[in-house]
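> Here are the chains, one letter per residue:
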Amino acid sequence: MKKRWIKPFAILVWLAIWFIAAIIINDSLKFPGPLETLKALFANIISGEGFFRTTLTSLFRILFGFAASAVLGLIFGVAAGLKKGFADFMEPLITVIKSTPVMSFIILAMIWFKFTTVPIIICFLMCFPIIYSNMREGISRTDSDLLAMAKLYKVKKSNIMRGIYLPSAKAYFYSAANICLGLGFKVTVAAEVLTSPDYGIGSRLYDAKIYLEPVEVFAWTLVILVLSYIMEQLLKLAFSEKRGRREEGAAINGN
Amino acid sequence: MAINIKNLTKEYSGLKVFESFSIDFNDNVINCILGESGCGKTTLLNIISGIENYSSGKITGVEGCTFSYIFQEPRLLNWYNVRENMEYVMEDCGIPDFEDRIDKYLKITGLYEYSKLYPHQLSGGMKQRLSIARAFAYPGDILLMDEPFKALDMKLKKELTGEFLKLWKEDERTVLFVTHELEEALMMADNVHILGDNPLREILRTDIKTLKGARSGSEEEIVLKRKTLYSVFTGHNKEE
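If you're matching them up, the sequences are chains A and B in order. For what it's worth, our numbering labels the leading residue of the first sequence as 83, then goes sequentially. For what it's worth, our numbering labels the leading residue of the second sequence as 131, then goes sequentially.
Worth flagging that the hints you see were computed from the coordinates, not collected in a lab. As the structure is a computational prediction, the values presented were derived from the model and not from experiment. Treat the hints with caution; some may be incorrect.
[Unchecked claim] Cross-link-like lysine-lysine pairs, in silico, DSS-like; alpha carbons within 27 Å at most:
no.	chain 1	residue 1	chain 2	residue 2
1	A	291	A	121
2	B	188	B	285
3	A	233	B	285
4	A	236	B	246
5	B	234	A	236
6	A	291	A	89
7	B	257	A	236
8	B	246	A	238
9	A	318	B	246
10	B	246	A	252
11	B	280	B	257
12	A	252	A	239
13	A	233	B	188
14	A	233	B	234
[As the list claims (entries may be wrong)] The following residues of chain B were derived to be distant from chain A, with all beta-carbon distances above 12 Å:
no.	residue
15	242
16	253
17	283
[As the list claims (entries may be wrong)] Only some residues are given here: those of chain B computed to face chain A with a beta carbon under 7 Å:
no.	residue
18	179
19	181
20	195
21	199
22	205
23	209
24	218
25	219
26	222
Glycine included, every Cβ here is placed at the ideal spot set by N, Cα and C.
Make the full structure from the sequences, and use the hints.
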């Protein structure tokens with residue numbers, strides 16, 4: 083089988099397994115199959131009231147939390163990669179954020195902040211340490227020979243950052259961003275389920291739980307998967323090696 | 131201005147690489163430092179260029195100087211193409227028409243038509259040629275070379291040595307060139323300084339044998355000088 087057919091074939095196989103499992107269980111109220119899920123997606127969700135507002139609100143929260151963590155993670159990660167003292171200063175905070183259960187953060191955020199902003203804060207808190215750690219790693223692993231070359235040719239510090247540090251750390255940033263996009267969807271929706279704001283995919287999942295409608299849970303999950311895939315592809319496009327550039331190896335420091 | 135090193139001492143965690151080491155290099159000639167691997171040649175270049183510090187001693191003739199450096203490996207930025215690699219070091223060098231200068235050296239080294247290619251699309255020889263073009267385009271007062279042809283085959287080595295000499299004749303700046311290969315020294319250098327390489331480094335650091343004008347004089351003189359150099363270098367090896 084040609085390589086390009088492996089992925090579509092794998093998807094078909096897993097869909098078939100889902101389909102067969104639904105037939106065996108034979109209770110679409112408890113475990114809906116792909117056809118029931120698609121039907122619910124189009125009949126109840128997409129054509130239902132407020133689909134786009136619900137979806138776009140969740141997407142905005144995810145992207146806002148992700149963007150904030152990307153910008154701050156990049157700035158703090160670069161600073162920590164360049165200055166060990168700053169990395170040591172940040173270490174306890176990063177360890178605490180990484181080790182604290184997400185539920186603790188959600189509950190605390192629900193006490194301290196507006197419910198509508200809680201999912202954004204949670205998305206930021208979960209993504210920031212990953213982007214920070216990867217950027218710190220990427221910057222500190224920059225080829226010292228290239229830095230010596232730039233120093234010898236008296237290249238300005240700002241140009242060393244632009245021409246050596248950032249390109250060297252680009253692959254590390256991409257790895258982190260890729261992980262964080264997926265994670266962002268998960269934690270933002272989880273926070274929405276618990277805070278149940280007026281609009282949000284998580285709120286609709288909570289409603290489905292209240293009304294015991296697993297088919298809607300499946301359908302909304304499908305919406306999340308599609309959105310997550312589209313975002314991942316857009317990120318890939320943004321980081322594509324348009325000009326034939328070759329980056330150094332990436333590292334994954336995700337949780 | 132000639133470069134003078136007096137009583138240089140350099141230690142790496144207790145190990146003395148140089149002790150009371152003194153050497154003089156003439157300006158506007160190709161000075162070669164010939165010695166076995168591990169005898170401190172690269173360290174010496176790094177000290178002169180300021181990449182590495184030294185414990186004590188005095189170095190004169192490099193104050194306020196700028197350097198060009200051809201490293202053992204080309205040290206190119208993989209995310210920049212050939213031209214951008216040149217521009218990267220030239221942007222801050224203070225030459226207003228640096229683009230013309232880049233054009234000139236890319237043409238001389240035969241890389242002009244490959245300006246848009248990235249380092250991973252170049253052969254080993256082309257990468258090193260780019261490193262040479264970059265070093266000559268940059269207006270460094272002193273050109274340092276650390277076994278730049280080490281990883282190349284003999285044919286390519288001869289080709290690049292010829293190109294290097296062609297470039298140098300257009301712009302005769304002071305060159306400090308280190309190698310462990312006698313042939314390379316014979317092909318390129320005006321003055322050859324053979325560094326002693328005894329296990330008791332600190333004692334024999336001052337054991338430098340110098341042959342001046344290795345590439346100059348009449349044909350007979352050059353042959354004689356080369357024979358002398360060969361015997362000094364091989365004799366030095368035999369002593370070990």
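> Each of the hints needs a verdict: does it hold here or not?
Right, here's what the structure says about each hint:
| no. | hint | in the structure |
| --- | --- | --- |
| 1 | 291/A with 121/A | holds (19 Å) |
| 2 | 188/B with 285/B | violated (40 Å) |
| 3 | 233/A with 285/B | violated (33 Å) |
| 4 | 236/A with 246/B | holds (24 Å) |
| 5 | 234/B with 236/A | holds (22 Å) |
| 6 | 291/A with 89/A | violated (32 Å) |
| 7 | 257/B with 236/A | holds (21 Å) |
| 8 | 246/B with 238/A | holds (24 Å) |
| 9 | 318/A with 246/B | holds (24 Å) |
| 10 | 246/B with 252/A | holds (21 Å) |
| 11 | 280/B with 257/B | holds (13 Å) |
| 12 | 252/A with 239/A | holds (18 Å) |
| 13 | 233/A with 188/B | holds (22 Å) |
| 14 | 233/A with 234/B | holds (24 Å) |
| 15 | 242 | holds (19 Å) |
| 16 | 253 | holds (16 Å) |
| 17 | 283 | holds (23 Å) |
| 18 | 179 | holds (6 Å) |
| 19 | 181 | holds (5 Å) |
| 20 | 195 | violated (11 Å) |
| 21 | 199 | holds (5 Å) |
| 22 | 205 | holds (4 Å) |
| 23 | 209 | holds (4 Å) |
| 24 | 218 | holds (5 Å) |
| 25 | 219 | holds (4 Å) |
| 26 | 222 | holds (5 Å) |
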